[in-house]
Each structure stands twice: as C-alpha cells, then as structure tokens.
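There are 2 protein chains.
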Amino acid sequence: MGKKIVADIDKGRNPEIELPVRALSNIVYDKKTCTLTMGKNVAKRYFFNVAHTKKFMQTVEVAAISKNLVEEKKHASLRDVFYMAKRTIPNTKINVVDEQNESDKAIEDMELITGCARELLNINANKMGSVAGKVVIEDSGDTIDWSKLGSGGWSIPSNVENIKFEKAKAKYIIYMEKAAVWERLHEDKFWDNNNCIIMSSQGQTTRGIRRLLQRMQEELKLPVYVLTDFDPWGIYIYSVLKYGSISLAHITEKLAVGGCKFLGITADDILKYDLKRHFIKFEENDVKRLAQISKYDWFKDNKDFQRQFKMMKDFKAKAEIQAMSARGISFISEKYLPDKIKSQDWIE
Amino acid sequence: MGKKIVADIDKGRNPEIELPVRALSNIVYDKKTCTLTMGKNVAKRYFFNVAHTKKFMQTVEVAAISKNLVEEKKHASLRDVFYMAKRTIPNTKINVVDEQNESDKAIEDMELITGCARELLNINANKMGSVAGKVVIEDSGDTIDWSKLGSGGWSIPSNVENIKFEKAKAKYIIYMEKAAVWERLHEDKFWDNNNCIIMSSQGQTTRGIRRLLQRMQEELKLPVYVLTDFDPWGIYIYSVLKYGSISLAHITEKLAVGGCKFLGITADDILKYDLKRHFIKFEENDVKRLAQISKYDWFKDNKDFQRQFKMMKDFKAKAEIQAMSARGISFISEKYLPDKIKSQDWIE
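Chains as they are written, first to last, in the working numbering: chain L, 1 to 348; chain Z, 1001 to 1348.
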C-alpha cells in the first residue's frame, strides 16, 4: 500500500487508496457459506479531495503504526493505537485523530485493504475468558497443557494467531456465555469425564475467543456447541459466533465458527425439566430484541429457531442456565449436558 | 448454628440467631488497622416473630445449602444458591426466596454468623483476571508455573482459598485495572525483566483477585502496587483494595490488601511526561465522584491524596494509563514503571 502511494506521488498522480464500501447496503448474507460478508462495491479514497484527505492521512498513519508493530513484534490494543496516532501535525492545530472511533475506523479500513484480521496487523481486541480440556498448545515458547491448570484454567489472550495445537484429545467443544457455569463444569471435571473442551467468556464473545473457537473447529476438526441463557441475548451470542455480526462483516471469514450448534437452553429443556417456575418475565427490551432476531435473514426460514422464538414469545419470559441448579448443583454436568449431547439434541 | 436451633426447639424456647447489625451506623473506619469494619452492635433474629420469620427461614436454608456444598466439596455461585433456595413451601404459595437479593443477604448473614468469607462456605464470587510471574502454585492437584503459560497467563478462579504457593521469586506485585495493560507488560516480559508478578482484572476488582492479592502480600511477603487510570474510579479501585468497601465491611479483614500502594498514574506523572494533551474532560459524574472520594475518612487527612484530588479538580480532566502509549508502545514497561519503582514514587 505504501509503495503504491509513493509511486502515485512520484508519477505526479493524485494518491489513492481503494477499499470495499463498508455500509449496510454492501453487506450481504451469503446463503452458501451461511455468513454475513461484504458485497463487491468498491470506493476510492483520494489524498487531493478535501472530503477524503483527513481519512486518507488517518489510514496511512494507522498503516504505519501497524507496520512498526509487526516489525517490532509487539501488539497494541485499539486504545494504544489511538494514543499512538493522536498527535498534532507540526505548525497546525490539526490532530491526526481526535477520537478513538477515528483510529478504529482506520484500523477496520486496514482490515479491508489488507484482507487481514487486525490481530494479524498486531492490533489486539479485548482479553477475556478461560479454557480447559485435554489439549496441549505451544504459545510464546511455552508448552501449555490445558488439563493441568488447577481451578483457574488457561486465560485466553486477546490474540490467538500464534498458538500452535500440539496435542488434542477431545470429541467436542462446549462454549458457554457464563464464567460461573464454566467453573461448575470445571469443578465437576466435565471435560475429563466427557472427553471434551470447555470454554467461556463473561457476557460478550471477544474476537480472541471467536478466533480460537474457529481455529479449533478447523484444525482439530471438533464440533462446537454453544450454551447460553434462554433469551434473545443468548441466541444473539450464538448468532454472532455462527454467522458473524454486521459491524464485523468485512472480517467474518476470519472469525465465524460456521459449524457451531445451539445446544441450549431451549424452550423444550425448560418444559422437560420443569423449570417454568424459574422464568424471568420479559421486559420491553427483551420483546423488541426477540422480534428483531426473529427477522434476521438467517433465522427467518429456520423452522427450528422460529419454533423456539414462538415459544419464547408465548412464555413472555426468559430463563438462565443456572436455573438448572434448582435440580441439584451438578445436574447440569451429570444429567442435562450428557443427555443433550448423547441424543444430539441441538439446533442449527 | 443448627445444633443451637435444635436445642432451642427441644427446650421449648423461641429459636434465635444472633448476628452483628449490618447497617451504616454499625460500620466503623478503624484508624489502627486502616480498614472499614463492623461495630459491636448485635441483633437477634427470632423464629416466632412475624417480622423475622421469613429471614430466619432464609438464613437456615442458606446455611443448609452451604453445609451440603462443603460436605460434597462443591462450589456454587450466588446465582446457583438463589436457584437452589428458590422453591415453594409445600401446601403454601410462599417461596423460600423470590429474588436473588434475599439469598444474597442470607449469605452475607452467614458470613457474619460464621466469621467466614463466603468462599469458605463454598459460595463463589465472579471469575475474572489473569496473572503471570515466577510463581509456582498447587491447585486442585495440579502444579502450575505462572511463568510458563504463554501469552494468556493463568486465569484466576473465583475462589482461591485452596491454592498453595510452592515457590515464588519476585520482589513485588503490580495489580492493574486493565487487561490490555497487562497484555502490554506481559508481551514485554516485564515480570521477567523486573522480577515481579503482574496481575489484572477488567474493571472492577473481584473478590477472588482481592483475596489472592491479600494472600500473596501476607504469605509471600510481597508489596502490592496498584496501577489505574488517573480518575476517581481508578482511585476508588485502590481504595477498595486497601480499605475495603462499605457493602463488604463485615468481611474486610478477609479481603483487604492493607499494605498496597498507589503507583499511578498520578497528576505528577502526567506533568512529568507531558500527557496533558491526552486529557479527557471531566463529566458531571466524575466531578461528583471526586468530591465524594475526597471526603472519605481514610483520604480526608491524607495530604498526598488530597494533593492529587486538588490537581485533578483543577485539571477538570482525567487520563488513561494507555496514554503512555503516545510515548512509545513499550514506554510503560521500559521507562515509566521501572523509574516509578526505583524511585519509590508511590502514594499510600
């Protein structure tokens, strides 16, 4: 990119950067790959265009920062990059960036231009989550056995690009939205008794987790099952994992865990295990969110999910994974999950 | 507690539970130990008192749940305990608990009655945070070397009571509020180059982290330095670590990291390293929070902190740790922190 700009300058041309249009109108749901991806619309950004100049400069600035990071073999967070880019252009009162969303946008542009997830540009996302199971990895010169890390497990880094899988003995991966549920399964040695890998974040799924799940799915050939609360937010966690998100559509293929399946908890689980009395009444935002999700392209023709949405709507209520504890503290690891997996009782 | 209640019943007495009063009026700032603790006011809860009966029952129910957990050697989260306690009393329409705050209160009562942190009652707090350094621990039968866990580090469990420190080679501990800063220091092998331990959460400090810091301070005899943003919220993180919090005053001695020192970032750091241009303007809630914190018993006569508060108030602005990145990505690990530690430039 730098060389092309220099060549433009040398030849007296108006320096330009070409990049795909990042707008809702250029985001398509690809039915074949079942993911949200960018369309084919391309735009040009010119240095000599008053409406483009600042963005052009920001893009080049971020490109330079990323190049330095890669060369120095160091990683920075989005916030770090913002502070590194934030300086005043000499003899002016103009800052390269004033707000973090400007450098963030420039980083997303770099992802579009290079086709690399920002992790490969050495710009990291948030760090969150834990993992345990019979897997040995190599990372930063250390050999780490995920089955020998006590009650804590391995802390998942924000950037998992350089991890190497050395050994793995597991039949599947369960990813859950709640750290407390992970601790339950971990204390019960669920991964040992059921020959699997357990992984969690707390709330939102970070890019590091998505990428790690994707890599394990592809490189270890393991199915991924998603365990969330029974509410629109839980199903959205699954949705983002599987299909990608609108804001990150340009990088879907690097993050989406295409094969993952929704394990629960489902409306049927609630009826089967008599958990209706642990319902939490829908608030208005739950109703709205459910209506939104029901209309997503990838859900609207999916009978199994539409059935779940219908039941949730009729219940006017949601339920948490931890409601299982009402049946006994280890009910989830001794009965609920083994039965679900054995009877292949998931939705996709 | 159970035996005493049974004895009361056998003797035809009104069953009672004695427990310290948990109200602001009974919370004192102990200048000698420099912590918030419970006063000496004690109240009695009677079974045959319409105003007490339900709470009495809830306390006994939670005590029974905790006893089972301890006997089964299993741990539950607050949410789990809520679901375990939430059931309808046969032949009535009355639930033992309806909302989680009822079981939470009963758990706090159990802490008061037994003098044990709820972690010892096998009821866990949230799981959060990572740690790295030259420390070897034993946990759940595994031997874990915190210096050999790749880029992720060890994921700190919610309950650290059963961890044993086998070996430790470190001169101090730095605890920071931001996982991104931890990743910066970790990538730079700060703990290796400076012979220390680095530990972080993300935002609020969990009980697991507080207890782990406390145990390391006491058992490994290591000083703890706290690194936060320059804002009232960062200083409050330090305040809770060192002095305890009002809501957990009854358990302060189990959680407070009495000796910890505030490392930064301070107003002086900002001036010294010319970071004023990275200030973020105060919002109204920042102004309010700063005023509140300035008046805390343990800060109001502390000249060093009052000086910081005054400067922050005059700046009408806050600053983030990551602002250091403006001076170079590894400025924090190569210059800022080593200089601060070397010159003992902290506040306490």
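Calculated directly from the structure, the hints in this document are not laboratory data. C-beta: ideal position from N, C-alpha, C; glycine also. Treat each hint with caution, since some may be false.
Computed far set for chain Z versus chain L, every beta-carbon distance over 12 Å [what the hints assert, rightly or not]:
{"hint": "1", "residue": "Tyr1083"}
{"hint": "2", "residue": "Glu1108"}
{"hint": "3", "residue": "Asn1126"}
{"hint": "4", "residue": "Ile1137"}
{"hint": "5", "residue": "Ser1155"}
{"hint": "6", "residue": "Asn1159"}
{"hint": "7", "residue": "Trp1182"}
{"hint": "8", "residue": "Ala1267"}
{"hint": "9", "residue": "Tyr1296"}
{"hint": "10", "residue": "Arg1307"}
{"hint": "11", "residue": "Asp1339"}
Derived CB-CB ranges, DEER-like [unchecked claim]:
{"hint": "12", "chain 1": "Z", "residue 1": "Asn1091", "chain 2": "L", "residue 2": "Val28", "range": "35 to 43 Å"}
{"hint": "13", "chain 1": "Z", "residue 1": "Asp1098", "chain 2": "L", "residue 2": "Lys313", "range": "39 to 47 Å"}
{"hint": "14", "chain 1": "L", "residue 1": "Val28", "chain 2": "Z", "residue 2": "Lys1167", "range": "52 to 60 Å"}
{"hint": "15", "chain 1": "L", "residue 1": "Leu120", "chain 2": "Z", "residue 2": "Lys1276", "range": "55 to 63 Å"}
{"hint": "16", "chain 1": "Z", "residue 1": "Ala1291", "chain 2": "L", "residue 2": "Thr33", "range": "50 to 58 Å"}
{"hint": "17", "chain 1": "Z", "residue 1": "Lys1067", "chain 2": "L", "residue 2": "Lys335", "range": "21 to 29 Å"}
{"hint": "18", "chain 1": "Z", "residue 1": "Gly1328", "chain 2": "L", "residue 2": "Thr53", "range": "22 to 30 Å"}
To see whether the hints hold, each was checked on the structure:
no.	hint	in the structure
1	Tyr1083	4 Å, violated
2	Glu1108	18 Å, holds
3	Asn1126	7 Å, violated
4	Ile1137	7 Å, violated
5	Ser1155	4 Å, violated
6	Asn1159	7 Å, violated
7	Trp1182	7 Å, violated
8	Ala1267	18 Å, holds
9	Tyr1296	29 Å, holds
10	Arg1307	26 Å, holds
11	Asp1339	19 Å, holds
12	Z:Asn1091 / L:Val28: 35 to 43 Å	60 Å, violated
13	Z:Asp1098 / L:Lys313: 39 to 47 Å	25 Å, violated
14	L:Val28 / Z:Lys1167: 52 to 60 Å	56 Å, holds
15	L:Leu120 / Z:Lys1276: 55 to 63 Å	35 Å, violated
16	Z:Ala1291 / L:Thr33: 50 to 58 Å	55 Å, holds
17	Z:Lys1067 / L:Lys335: 21 to 29 Å	23 Å, holds
18	Z:Gly1328 / L:Thr53: 22 to 30 Å	27 Å, holds
Checked against the numbered hints above, the structure breaks hints 1, 3, 4, 5, 6, 7, 12, 13, 15 and satisfies the rest.
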